[in-house]
Structure formats: C-alpha cells, structure tokens
Amino acid sequence: MDFPSTQFVPSRMMGTYEPIHQIGMWGENFKSIGNPSISASVIVEVDNKLENESETASHEMPAPSCKHDQEASKPFDKIQRRLAQNREAARKSRLRKKAYVQQLESSRLKLIQLEKELEQAREQQGLYIGGGLEAGHLGFSGVVNPGIAAFEMEYKHWMQVQNRQLGELRTALNAQISDIELRIVVENGMSHYFELFRMKSTVAKADVFYVMSGTWKTSAERFFSWIGGFRPSELLKVLVAQLDPLTDQQIFEVCNLKQSCQQAEDALSQGMEKLQETVSATLAAGQLGQGTYFPQVAMAMEKLEALVCFVNQADHLRQETLQQMSHILTTRQAARGLLALGEYIQRLQDLSTLWATHPREPA
Amino acid sequence: MDKLMRLASEKDVVVFSKSSCCLCYAITILFQELGVTSTVHEIDQDPEGREIEKTLMRLGCNAPVPAIFVGGRLVGSTNEVMSLHLSGGLIPMLKPYQTWC
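Protein sequences, first through last, are from chains A and B. Under full-length UniProt numbering, residues 1 to 363 are what the first sequence spells out, in order. Under full-length UniProt numbering, residues 1 to 101 are what the second sequence spells out, in order.
Since the hints were derived computationally from the structure, they do not count as laboratory data. Nothing here was measured: the structure is a model prediction, and the numbers come from that model. All the given hints hold, so there is nothing to weed out.
Have a look at the derived ranges for each label pair, beta carbon to beta carbon: (1) A:His192 x B:Asn62: 22 to 28 angstroms; (2) B:Asn62 x A:Ser225: 23 to 29 angstroms; (3) B:Glu51 x A:Thr171: 58 to 64 angstroms; (4) A:Leu246 x B:Ser19: 41 to 47 angstroms; (5) B:Ser19 x A:Asp248: 46 to 52 angstroms; (6) B:Ala63 x A:Leu246: 33 to 39 angstroms; (7) B:Ala63 x A:Val101: 53 to 59 angstroms; (8) B:Ala63 x A:Glu117: 38 to 44 angstroms.
Derived coverage of chain B by chain A (criterion: at least 3 residues anywhere in the stretch with Cβ under 8 angstroms from a Cβ of chain A; other residues may be distant): (9) 19-31; (10) 75-84.
Beta carbons are placed, not taken as given, at the ideal position from N, Cα and C, and that holds for glycine.
Please take these sequences and the hints and turn them into a complete structure.
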C-alpha cells in the first residue's frame with residue numbers, strides 16, 4: 001500500500017499547520033490504517049478534489065523548501081524509496097483519473113439526453129428553425145422550408161413514441177401476455193415504422209436533398225445511410241442475429257429474403273449511379289467556363305426529379321423487408337426483432353452523442 | 001392500346017421506359033441479375049409514345065414508366081416488382097423466361 005506523495009498536498013490544505021507537521025500527518029494517517037482499500041478510497045477522494053482544482057496541481061510541488069529540509073536529514077535509500085513511492089502514486093492517480101473521466105463522459109451523455117428532452121418539450125410550440133438533434137449541427141441559415149420544419153417536429157414526436165413503444169415491447173415480452181395481445185403490440189410497432197416512411201415521402205417532395213442528407217438523424221445513423229435510410233439488408237443482418245433459434249423453414253425463408261433484398265438494393269444502387277452520371281453529364285454539357293449555363297442547370301433539375309422516386313423506392317424496400325420478416329417470424333420473434341432493431345438504433349444515437357462531446361486532442 | 005399490347009406480347013419480358021429514366025434502368029439491372037433479358041421500349045422515342053403513356057395510366061400505373069409486362073401480362077411498376085421479388089413471387093414468374101449464359 002502506498003503513501004500519497006507530498007506533491008499531492010495542495011498548499012491551501014497546509015493552512016494552520018507547519019509544513020513539516022502536515023507531511024508527517026499524512027504519513028501518520030496512512031500508517032495507522034491497516035486496510036488498504038480504505039486508504040485507497042481516501043486517496044481517491046483527495047485526488048478527486050485535486051482534479052477539480054486543476055490538472056497540473058498534482059504535478060507541482062507546493063512547498064519545495066520544506067521537502068528539501070526533510071530530504072537532507074534522511075539517508076539515501078529512504079530518498080530512493082520515497083521517489084519510487086511517488087512514481088507509483090502518480091501512476092495510480094493517472095489510472096483513477098482515467099476512470100473518473102470515463103464516469104464523467106457517461107454522465108455527460110445522460111445530461112445531453114435530458115437536455116434533448118427539455119428542448120423537445122420547449123419546441124413543441126413554435127417553428128423549429130434548423131435541423132439535427134446533436135451538438136454541432138449547422139441548421140438552415142435563413143430560409144425555412146415549412147415542409148422540413150413540419151417534418152422535424154413530427155420526427156421528434158415520432159422518436160418519443162418509438163421510445164415509448166420500445167418500453168412497451170420490453171414489458172410485454174417479460175410479462176405473460178397472450179399471443180393475440182402481443183400481436184397488437186407488434187402491429188403497432190410495424191405501423192409506426194410505416195408512418196415514418198409516409199412522413200419521409202411527404203418531406204421528400206418538399207426537399208429530396210434533405211432526406212438524402214439524413215440531416216434529421218444523428219451522425220452515426222448517417223454513416224450507415226443508403227438512399228435516405230438504412231440498407232434493408234443491414235436491418236436483416238441485425239435482426240437475424242438476435243432471433244435464434246429459427247426453424248429450418250424460417251432459415252430458408254430468411255435466406256431467400258436476404259438474397260432478394262440484396263438484389264433489389266444492388267439494382268437501385270446502380271440506378272442511382274446512372275442518375276448521378278446523367279445529372280453530371282447534363283450539368284457539364286456545352287462549354288464550361290463560358291459563364292452562361294442556365295439551360296444546363298434547368299435540364300439537370302429535371303433529371304434530378306427522379307431522386308424522389310429513388311428515395312420512395314428505397315423506403316418501399318425497407319417497408320417490404322419489415323413486412324416479409326413479420327410474415328416469416330412468430331409473434332414473439334417479431335416482438336423481439338422489433339425491440340432489437342429499436343435498441344440498435346438507440347445505440348447508434350447514443351454513439352453519435354458521445355462522439356460529438358468526446359474531448360479530442362488538438363490537431 | 002393495340003400497339004401497347006402488341007409490343008407487350010411480342011417478347012417475354014417487356015419494360016416500357018423513357019430514355020432518361022434511371023429507375024427503369026434499375027429494373028432492367030434486376031432482371032439481368034435474375035437471368036432474364038428484358039426488352040426495353042423507350043416510349044419517348046416512339047411517335048405514338050403519348051398514346052402508350054395514356055394507356056399505361058389507364059391500366060392503373062401511377063407512373064407510366066417503368067411498366068413491366070411478363071408473358072404479355074402487366075405486372076405493374078417498380079413497387080409491384082419489388083414487392084413480388086421480396087415475397088418470393090418474382091422468380092417463379094420469370095422462370096420460363098430465364099436465359100442463363
């Protein structure tokens with residue numbers, strides 16, 4: 001068990017005491033306590049106070065002169081031992097600091113979630129200008145598209161209902177409710193997703209780029225974005241891993257669904273590439289550098305209309321994937337699947353928040 | 001109507017498209033993946049394109065293109081084809097027309 005080094009005594013604590021006495025007292029306190037864990041917790045308390053004071057306090061020597069007086073009177077090996085103990089204490093302090101910081105980060109996460117909820121409650125009234133729910137997002141500067149503002153409000157509400165439904169699913173799965181009752185919970189969950197696709201379809205007409213950019217979602221969700229949302233095959237992957245045991249017939253059907261899903265996705269992806277090529281070619285037509293280019297831009301806009309169709313098709317694919325899965329699975333499996341999916345999305349959202357607030361080394 | 005049905009029945013798998021339609025392209029890619037060579041009619045290149053478009057709308061297609069006919073019968077648009085495929089009904093329908101190289 002280690003003694004705290006004299007470095008860890010902040011100058012203010014040496015208040016009414018003679019410096020030498022104070023250091024002696026630290027030593028006395030920890031000699032007399034036989035139980036190492038108690039001493040350790042006292043050390044933590046002291047160190048936490050110190051961390052609150054300043055980062056560098058622990059590395060400073062508040063009273064070099066008194067330490068020097070002490071050292072001069074001690075034999076060499078005792079000096080060496082004291083230095084080794086200092087190093088050890090410093091190392092342990094760093095480890096405790098790391099643990100403390102991790103604790104701080106999870107508390108911050110909680111705080112940000114609470115702030116989010118508060119913001120939601122506050123913004124029920126007026127138009128919400130700007131987009132995104134996590135820190136650091138740049139919203140619209142200036143013109144507010146009413147379709148987008150409406151969607152963002154609806155989506156916030158949608159998320160609240162989603163979280164409530166996940167709670168209901170959890171409760172329902174743990175309770176002994178009948179299959180019929182469970183079916184209702186599942187149907188509600190499915191309808192809720194279909195409602196989102198309807199909302200997206202409406203806002204896509206207002207601004208398809210908004211849907212494509214995924215501005216309304218968190219950053220980690222955007223990382224996985226494919227034509228304005230999740231890849232259906234990705235959803236299947238997450239679901240299936242949670243659904244053991246499946247019957248042989250179910251495994252067969254899920255395999256087929258996975259394959260058809262993948263094929264449909266590939267076809268849409270290639271269609272999107274073709275659309276990019278078309279818009280690019282239209283926009284770049286004629287001479288670049290002439291200065292007048294309105295016809296090209298107007299024509300490119302026409303081509304871009306197709307993007308709405310692609311977004312709708314992608315959502316249709318997501319909806320069909322969910323529908324098919326609900327046909328293949330039993331009610332209980334479907335409930336577990338919906339819960340798994342919902343929680344996976346929550347984890348992505350929490351990841352985004354933690355990432356946004358995680359302190360980084362300066363470049 | 002006649003021209004449409006004639007074109008639709010001429011070949012096994014027919015896709016009515018427009019030259020700029022990328023969603024139509026996506027459908028042909030899907031058919032290709034499933035081993036089917038589809039015949040594409042670009043109605044904007046057809047002098048009677050307008051008529052064909054009107055007929056397709058009357059037949060119940062929300063958007064005139066893409067309109068997919070298999071074995072002379074209207075399957076529908078992208079939505080119908082995708083739903084059919086995910087529910088496992090598309091491949092059996094295409095089976096007689098699959099040509100693997």
